[in-house]
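Just so you know, the sequences run in chain order E and R.
Mapped onto full-length UniProt numbering, the consecutive letters of the first sequence carry residue numbers 1 to 130.
Mapped onto full-length UniProt numbering, the consecutive letters of the second sequence carry residue numbers 1 to 442.
Worth flagging that the hints you see were computed from the coordinates, not collected in a lab.
Errors might be hidden in some of the hints.
What the hints assert, rightly or not - Here are some chain E residues the structure puts well away from chain R; computed CB gaps all over 10 Å:
no.	residue
1	H63
2	D71
3	P99
4	I100
5	F102
6	E103
7	L105
Stated by the list, open to error - A few chain E residues that face chain R, going by a derived Cβ cut-off under 7 Å, partial list only:
no.	residue
8	M74
9	G77
10	P78
11	G81
12	M82
13	R90
14	L94
Since the model is a prediction, treat every value here as computed from it, not as a measurement.
All C-beta atoms, glycine included, are put in the ideal place defined by N, C-alpha and C.
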Amino acid sequence: MATTPSNMKGFYRLKKNRSGITKPTSSKKSSLHLVRSLGSDITQLTALISHGSPDLKDYHDNHEELMRQFDMNMAYGPCLGMSRLARWERAQRLGLNPPIGFEGLLKAEKPLAVVGCTTAADLNQMLFLT
Amino acid sequence: MAGMEIDTVENLQRKQSTYQSLDETFVIQNETYRGQQYSQIYFARLHMMRTLLYSLVTHWKPHVPVCTVLGLEEGKECIIVGTLYKHMKLKPCILDEYSKERSAVPLVKHHNFMHPDDHLVLEDESGRVKLGGTVLSPSVYVTGVVVALHGKETGAGDFMVLDVLEAGLAPQIEPQLKSREDKYVVFISGVSAGSSSSNPLQFQLLVDHITGHLGDEKEQGIVAEIVHVVIAGNSVEIPLGLLNGQNLASKDQSRLSEPVQELDILLTQIAAGVPVDIMPGSNDPANFSLPQQPLNRWLFPGSRAYNTFRSCTNPHCFELDGVRILGTSGQNIDDLKKYSEGRDGLEFMERTLKWRHLAPTTPNTLGCYPFTDRDPFLIESCPHVYFVGNQDKYGTRILKGSEGQLVRLISIPKFCDTGMVVVLNLRNLECHTLSFETQFSS
Chain E
1 MATTPSNMKG FYRLKKNRSG ITKPTSSKKS SLHLVRSLGS DITQLTALIS HGSPDLKDYH
61 DNHEELMRQF DMNMAYGPCL GMSRLARWER AQRLGLNPPI GFEGLLKAEK PLAVVGCTTA
121 ADLNQMLFLT
Chain R
1 MAGMEIDTVE NLQRKQSTYQ SLDETFVIQN ETYRGQQYSQ IYFARLHMMR TLLYSLVTHW
61 KPHVPVCTVL GLEEGKECII VGTLYKHMKL KPCILDEYSK ERSAVPLVKH HNFMHPDDHL
121 VLEDESGRVK LGGTVLSPSV YVTGVVVALH GKETGAGDFM VLDVLEAGLA PQIEPQLKSR
181 EDKYVVFISG VSAGSSSSNP LQFQLLVDHI TGHLGDEKEQ GIVAEIVHVV IAGNSVEIPL
241 GLLNGQNLAS KDQSRLSEPV QELDILLTQI AAGVPVDIMP GSNDPANFSL PQQPLNRWLF
301 PGSRAYNTFR SCTNPHCFEL DGVRILGTSG QNIDDLKKYS EGRDGLEFME RTLKWRHLAP
361 TTPNTLGCYP FTDRDPFLIE SCPHVYFVGN QDKYGTRILK GSEGQLVRLI SIPKFCDTGM
421 VVVLNLRNLE CHTLSFETQF SS
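So here's chain R without its partners, still in its complex pose (with noise of 0.2 Å):
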């Protein structure tokens, strides 16, 4: 009797720590839909992008004049800002469905819809050009990305182009109070409760363990200092199939809504013991295009009795301890994938964070509300941690940019297919996965 003490004399408590929402640029309060098109946002973008571009230009190359598409003139080296438009042969287009062609239509779906003959246009406001040259892969851009562009136009009317310059990372805001203990974030995604491959114990044993319901003092100590969880989206999976154009009995409406049920009573003993940020994510009952809107706080109506549950955008941004954290649900990394080339989906992070744009893709093959006087998705500053959820696997790197900024990527892995979450420490930025399994091996 003496080793197993059920009533102990401490209460281990829980770390804290300083937590401040950024989210106030993704939420869409103001707004008002006048039958705007996608050209304000591109408008918003060129212009926040071009300025900081030139600023940057006088620094990089000092001698060669800026000047417009429309101010090409042939065989003058100069250099032009503007956004890039990739056209490719294998997007899906509205007007394939009106061709008289049918047959040139593969019946196969890509999963990525790069060609050979994919290739880049530079446009601003006054007009467009074909660019030339090997400097600039099609296959590391995508359409939306605004460059500065060192080069001179052909006689056949192309831009040849000898360097390009990015807006590089974002200036960095060093965090005034580092923490000098070890403080924890533990990034979840990709739960889909409700889903048939989720296996609701793996999660039961997430949350048990978070909560310091699982192993001994030590390990309850350890936990202890986990001080804010993350759940980076795809948290539910609806049961779709029951919706076929038909009005629903009521034994299937609830079986619609079990899903958020199961995840509410979760979420309800996470958030009785640590501040847990839900964001909402491609599979989750929110709005489609990006900003996702927070998820209405009365699906959780056991979790929203806490103050430390709180229902977040997607992309979502927050400071904890001054360190800065940004990440989205994974749409925007995973529209890349779609329509461009990278060794791993960390690389794509760091190009979105090179390129100053969270969703470089987004309106044009990723949805995105029609904002008329912002881009939300540009990065002012450089966060310290960059995340993205719905992965197939981990992976995290720390990436260094060229004016002393650090940040720590991280790949969050899918949690119903790896039972794995990963936890971060707030000191050292430095990162590890739990894994949760239940198949006992014989």
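Looking at chain E on its own, in the form it has when it is part of the complex (with noise of 0.2 Å):
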């Protein structure tokens, strides 16, 4: 995107091979029982653990993968077009039990996360890679 300001690029730091969504494994290893897999019923947290160990010193992009994993869990709705805070008051609402961190995540990040939203451009990068 040649459009893109500069500092989001530092927002949306891409890395292959570690991001993505991959299919849940057997092992609950995280103790951050946080996330729910796409309509699976294993509550584990697959994308930071998938290549060893779970990397805190990127505090950022630790808490990207978190919100996109939410953000693909069709559980709680579409994502597009809604912002995430609105998205999981929605579930809330709707009593669909998000995960109760979250919220204090979503707060605590900068004002982007909780005002913007998952682009049609973001759901490209994370379905496919690229």
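Take the two lone chains, each set in its own frame, and fit them into one complex as the hints suggest.
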């Protein structure tokens, strides 16, 4: 995207072979049982663990992954055109039990996480790793 | 001189009733448009209806397992819940403009887009499945209805439907204080002030009657029992022929606003005597998509001085003495008539109540605001009176629900064509019509 402002690149840092949606594996390494995978009953954090150890130094990327997992989860409905916080609140109101820690995460993040939303371009990047 | 008393000693007082507006769900105030698509409102609708249907399914067929569309297994009987989509061959599609076979597009516009080849598809978040069998008739259902289906997947990948469960009528709350005296509500629709086919004298006659300027004491006594007037849409007809893309001359500008001024004069007379609710309709100067927002109060400089004048949304829901009255200006039923088949307008009204959704064809074929977190057309509590305006003819029926609900269905005819208004008695929910004629048959 030629028109992306320079600060956006730092925000959505893309790294291959680490991000993206992977099929849920049986290992339950993480104590952060925050995210539900697509249609699966196993509550686990797959993307962060897939390459071995969670990268906590990259705080931003870490949380961004969590948020993308939240976005992709079908149970909470479509994610386009809605801020993450609004989608979380809707999930809460409809009784879908979204991960509770998430609200804090969203509010602690940069305003973009709260106000901004996943765009179609982001979805493209997430799904096809381009 | 003894027969005519001009100054009567007793003053007739109009009866009063308690009014409570329930329009908050239809008013668009906190919504912001962030580029969302209609998938959000479909998700909200599916989720709310599915939660409800799951609770009903346990009583309906307790031994049949419930699964999602993606979880269907061939030959295994199960229940699936999802949104219906009706694939219609004749439904106008924007892509037809780009189709290479121009000759295949019919030149005549259809009033009804049904075709024997229409078929239904059930969809939820996980997938969609084509529906087969004869239980579910494509002529009855429309896109946007959420139902539970009992059946099994065939070898061809279709879902053979054995039985269908609709949500049914919503629970109804009994009015706490049932009035023991007769109180009447007048429903008018399709006044079309300013149109060439409307007769201003007819509407003036109606206004005079409601305000008690006609008839003797006995007549006035009857009229004093009218506690509320509801105007259900299409109150004006703006002369759109004046708009031709050029700047309007000042005399044309005043001609454009004449119908609304004419309506305001008459509304002021009504509002001076009885509480009146005015709803926007398809021809009124309000937004196009449902829920239509209240007509701007500045359109009615005369009537807005009265607190009895209320500009309301379409659909409109309110309570009078505890009796819950819900209705629209007709767009929801008119759209159903285009995409499904029914005996009369009342049958379509009954279906919308049983589907628990005022306008299931929104946003597919009927314009609707792209709500993200709710679907305001879901009927949470069954009304006692359900009215639809701007219909071709008058009709009324009592609908009985499976849990003792009783709904009075009213189809209000267009006043400019028929000169008829509908009068409802709040005490026993009985209906009759009032006709106004200005022709004198020789």
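*Okay, which hints does this one fail, numbers in order?*
none
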